[in-house]
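Using the sequences and the hints given, assemble the complete structure.
2 protein chains.
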Amino acid sequence: MSHPHPELTTPGPLPQGALRIIPLGGLGEVGRNMTVFEYDGRLLIVDCGVLFPEENHPGVDLILPDFDAIRGRLDAVEALVLTHGHEDHIGATPYLLREREDIPLVGSELTLALLSSKLREHRLKETAQHVVREGDRIAFGPFDLEFVAVNHSIPDALAVAIRTGAGLVLHTGDFKMDQLPMDGRITDLRAFARLGEEGVDLFMTDSTNAEVPGFTTAEKNIAPVLDRVFHQSNQRLIVACFASHVHRVQQVLDAAVSHGRKVAYVGRSMVRNMAIAKELGYLHVPAGVLVDAKELAELPPEQQVLISTGSQGEPLSALSRIAQRNHNFVHIEEGDTVVLASSLIPGNENAVYRVINGLSRWGATVVHKGNALVHVSGHASAGELLYCYNIVRPRNVLPVHGEIRHMRANAELARETGVPAEHVVIAEDGFVVDLVDGKAQVAGKVPCGYVFVDGSSVGDITESDLKDRRILGEEGFISVIVVVDSQTGKVVGGPEIHARGFAEDDSVFDEIKPDIIAALDRLLGERVDDNHQLQQAVRRVIGRWVSNTHRRRPMIIPVVIEA
Amino acid sequence: MSHPHPELTTPGPLPQGALRIIPLGGLGEVGRNMTVFEYDGRLLIVDCGVLFPEENHPGVDLILPDFDAIRGRLDAVEALVLTHGHEDHIGATPYLLREREDIPLVGSELTLALLSSKLREHRLKETAQHVVREGDRIAFGPFDLEFVAVNHSIPDALAVAIRTGAGLVLHTGDFKMDQLPMDGRITDLRAFARLGEEGVDLFMTDSTNAEVPGFTTAEKNIAPVLDRVFHQSNQRLIVACFASHVHRVQQVLDAAVSHGRKVAYVGRSMVRNMAIAKELGYLHVPAGVLVDAKELAELPPEQQVLISTGSQGEPLSALSRIAQRNHNFVHIEEGDTVVLASSLIPGNENAVYRVINGLSRWGATVVHKGNALVHVSGHASAGELLYCYNIVRPRNVLPVHGEIRHMRANAELARETGVPAEHVVIAEDGFVVDLVDGKAQVAGKVPCGYVFVDGSSVGDITESDLKDRRILGEEGFISVIVVVDSQTGKVVGGPEIHARGFAEDDSVFDEIKPDIIAALDRLLGERVDDNHQLQQAVRRVIGRWVSNTHRRRPMIIPVVIEA
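Chains as they are written, first to last, in the UniProt record's numbering: chain A, 1 to 563; chain B, 1 to 563.
Heads up, some of the hints might be wrong.
Copies of the same chain look alike in the list, so a pair counts if it works inside one copy or between any two.
What the hints assert, rightly or not - Below 35 Å or equal to it, Euclidean Cα-Cα: the simulated DSBU-like pairs (lysine-lysine) are: (1) K467 - K294; (2) K278 - K262; (3) K278 - K369.
Hints in this document: simulated from the structure, not taken from any laboratory.
This is the structure we're talking about:
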């Protein structure tokens, strides 16, 4: 299995009749999925999602794919295909549309409805939208697209087959193969088989669960567990899940109806998404079951069900506030039951356990995936991927959607089903893969860094700023200000020393002030008036002192100001 | 089950003949275990460990128990009993000994040997040490102690039975009930039974795994898995595990011998602890198998085994450096195998996955608890705890060692075996539990905050400093310096504006400088010369500007300096 290393360089020009694949996100991380296809000078984009920052991206709101590789060629983009409505597949679209507003958007009904609501929030115009459904075939420039139903943890997900002169590519998007899904809409293996018979030249497959042996449990298997939880509870019930998981919410609604309870949504995104899903007919809300949250609070506890966001322990979410008994109208009580009907995204463990501990402290029973089957994954496990490889029998495989460990596991599955190792390409973000004469291989690499969104700025925050933030966040800073008379070259003010995140009263610095003045006087006496040199002298004195006295390394900000 | 809430106040005086239990750590978190027993004016301490900080304690090195509750009474301490040699049970001892150097230390041979090595690092004198072993009975003041063998993930762990006039307390320490342990030293249920027959008035039991159903797998079951991994590997093998896990290292040594490989240790704590364990006879190193790391590097890869630290993804550990191909003499190659023979402590997931992804990138096979039985826990699962409750049949139960969710699950197990709910006490750090006339109950609460070690300072860093660090770490800061002539009351220097972690060139602030000067001039014109008011004015101008232009809230440090 080919996994070339970072000495790759910018690829040469694309050979006539070849297809170039440029993954700009999602190959090396779970999130910011985006792939560019290039054929005959024209571009097709599949997905444009965000990545949620982890602890080494302090203060960052979102991480976007790096559009640099196509920035000069946005006019050549024929369409943006969105495989489903999750944030990690659609969330960066507004940022791309800011750069070219009229890129045609292609996706299923629910996907585009969720996207529209996002575009409105960003105050972007509704651009050309092409609603497609499984079985549809539609061409954008040289890209002849066919859509295939796939099952995932959000309704209406699509795989896409892309035909060009270079051959047939099948991109699964995120998918699994629940054989008895809530909506009866299964991953269409008959279509996979038909495409396989035609000959799939490149199969791009979801790697997320490739390390997980066996088969992903069916969504429906949660129902009896929810039923038991509802049966055992004689007080308030709170169910937290992802705000886009229509089928999970459906199951909670159904359980509420059969146990004679009413339901209210808590959390802005839950309210918004479920309204869309209901309006389009993806969510079936039995008459009378849904009430407004304040109305619900007036009912006896044994008739209440809250469906809320906050399943990842987000500190500002309703659930976190409930766990701290800090919520407007939901006051958790001994005997209440809280169900976390969701995955636990790596990195969120401590936050989620804080919520569970908080709820436990007040005597609530907490049901979560660690102690009951209240969550199933949205991704195909190894067993399902093997079925796919055996049905499609692709010529080449490019694992997508996952960290390196996931992609390697996926590649290994392809190999085990008989795809020759030299036809299984492991690529990371920015690796350029060319499909030439029926063979896929890495042709080079383009820059593909993380683009950070922070407040209203996009791409201004760099790794170096994050490094500063990490130092500031771990060690705090000491700032030393000295005023020098520009005429006399004498210190006339300060040193004033201020520290934050450093823990000592600022008077602790009094002992080092004479040394700072002495160091400056010495330099000024030598007629050194270069501000940078003076600052460095201050930095050295205070840095040495703090290291000796405190064994710490705060950021030191020396300021020599002339007045 | 009683779990009183924070409105508790300082407890009244201890009734004559009663025993008071003051948990100063470990009840509400996994770590910094420390419990104080008070009887007849005298004190006994069991364990004195550290807690490792998580992401909301930025820059903190260690967290200690809060000694405040006993600070004025250290002379009354009869002894400090250490149940086993893990950091979360012994690590804070040097800090306690700094406050009273000659507290008698009581523990098993290995526990005290590991502690001695720690005291030497802290340059503390070796104080009175009492080596005890299972079956020993020894009194310290009014506390009559009996030690009971327990099995854990480090050899030579002890439970302790404490007899006073108030009754018999049995404290398990950390334990599990491996029935076929490597060293044949099982948790002594015959002693538990005998104590139970005598009558255990209070049973303090390890809660860590109380949420885990069933039984903890035996350590020995790892051997066949290691054997298979060794058998399948024909290149270098690296096994990472905790540096105190003598039996895990023993199994790796044994596998190395049977597969004709040599072993070297990597990581300072691994080298140090295994030397101690070998010298005392807890680790059996077959002749010739152990070589020095540089010597090992000269051998053919198929003869190499490295046993290293870094199993939690610690960024500076050997394993992290290997994963980044940044290690002095270990260069990871396609086909190498790395075994993470350890748990994954919550909060470390991203760091560990970074290491796994790094190793995978170079083509190493990574074996970990997610895909093979290469780790078993050191703590009793629910099934084992039920055995204990049924054998001991305690009058009262106080779950210890765990977060609230663990302690509540443990309490529930006690209740299920027939301990009346009103005799199961759920307490958190600082809750004072009195055993009076055979009944344990919460008598009040003493302050028991986190004590942060940062560099050479202990307890100087407060929650407010951490809040500053969190803001600095997420948002960075903007500092604005203005020099005012103290004679004329005019702005004569600045504003100089410096930002860090904020992402923009400092010239972005030029546009706001006139507004700052105008605001100051206005105040100075009104003869306002209170420095604080001037600073607030500067803060308001720049704060409003940055919020409008950037939608962010960096820390703002206004400095008005007189010259």
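Next item on the list: List, from low to high, the hint numbers that the structure doesn't satisfy.
Entry: none
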